[in-house]
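A.B. asks: Residue-level listing of the chains:
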Amino acid sequence: MKTDDLIALLSTNVEAVDRRQVAREILATIAVGAIAVIGVISVMLGIRADLLQTEPLMFLLSKLAPAAGIVVVASVYLMRMARPGGEERVAIAWIALPFVAVMLLAVIRLAFAPASHWNTMIMGDQWLECLLSIPIIAVVPFIAVVWVMRRMAPTNLTRAGALAGLVAGGLSAVGYALHCTDDSLPFVALWYGGTIALCTFAGAKLGPHLLRW
Amino acid sequence: MTANEAELKQLMMAGLEGDSAAYRTLLDRLSRLLRGYFRSRLARIGREATEAEDVMQEVLMALHTRRHTYDRNEPFMPWVYAIARYKLIDHLRRTRAALANVPLDDANELVAREDNAGAESRHDLHALLRELPDRMRRAIQCVKLEGLSVAEAAARCGMSESAVKVNVHRGLKHLAASIGREKRT
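Line by line, the protein sequences give chains A and B.
Counted the way the working numbering counts, the first sequence spans residues 1 to 213.
Counted the way the working numbering counts, the second sequence spans residues 214 to 398.
Okay, chain A solo, but in the shape it has when bound:
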């Protein structure tokens, strides 16, 4: 094929492009992912019954805030990573910040508690359910985010995959928090933080295979 023929093909009757297309498609996908996660959680596990009482609500918010913070920061970075060269505009420190903050608070909480309580505070009642649920449910938003990223042009597939995993893990954790009744901060730091990190790692490994274009 001659290059002139290709240029003629591409430039004949060219369509105008919406300047907000990247943001619109990614945010819409994340919203769909969030709804799907909440749907799966409420059908499979059930939303906790004491949701609207004041004290559990406060605990819930303390779990939701870090997870939601991660989702927000990761979504912003995902939009940057969707564009060629975007990997130069992503600072790992901002992503690590919510993790570090929760870990610090957890350590402080443990330091003020008697050592005999540590086991319950860390392991909770349902650590195994948490360990399994967050990564498994994260598969649903992960597929959605990978689908939308394949329509974009990331040039660092490992990092783009990691961010896709982080967004998916964060969304899954937000949803799981609506079900989970283990409210201690060390529990959240370890099991939520650990599973979200696991999702990020899995995304980084899968990125180069799934996001190639």
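Check the hints yourself; a few may be wrong.
Here are some of the chain A residues that sit facing chain B, going by a computed Cβ distance under 10 Å [stated by the list, open to error]: (1) 2; (2) 3; (3) 8; (4) 9; (5) 12; (6) 19; (7) 22; (8) 82; (9) 114; (10) 210; (11) 213.
Calculated directly from the structure, the hints in this document are not laboratory data.
All C-beta atoms, glycine included, are put in the ideal place defined by N, C-alpha and C.
Given the structure of chain A, go ahead and fit chain B onto it with the hints provided.
C.D. replies: Just chain B now, with coordinates in the frame of chain A:
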């Protein structure tokens, strides 16, 4: 780089607004810059000129099908360079070259030399078009090859106007993907 940048960015902006003539000029200019870039890179590992043409055409397809990922508030050439670099690395991996022999990190190289001597790539446009699903092929035939308006193409193909647009869009993405696959095998 600056003179090129301002001019090419303006062409890109016009192209994104649907200005076909500006867009054609842009692709023409970019094809020369990319040809020079890929030839100089690939010559160092003893590859032929047609191979540079293959990669360059693949990049033109990618620039086109992913042009919505260009942020109009940002400089234009770094965006082009990021795609060119990505596609070159991808190409070298697929053809099992040692990446160490090919210098990659110099964006200025992209505007250092223009190369007008086009070769024919190994991609066969008409063969690739034949592999497309019928509706996509007909939409591309009418709108892109014969230059009919979307309304005329819709009347001829018996599709709605939005179906014509969608089929052109999907068809080009298919073509871009099959150009990539062709080399992989």
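A.B. asks: May I ask which of the numbered hints given earlier this structure violates, with the numbers listed in increasing order?
C.D. replies: Result: hints 9, 10 break, sorted rising.
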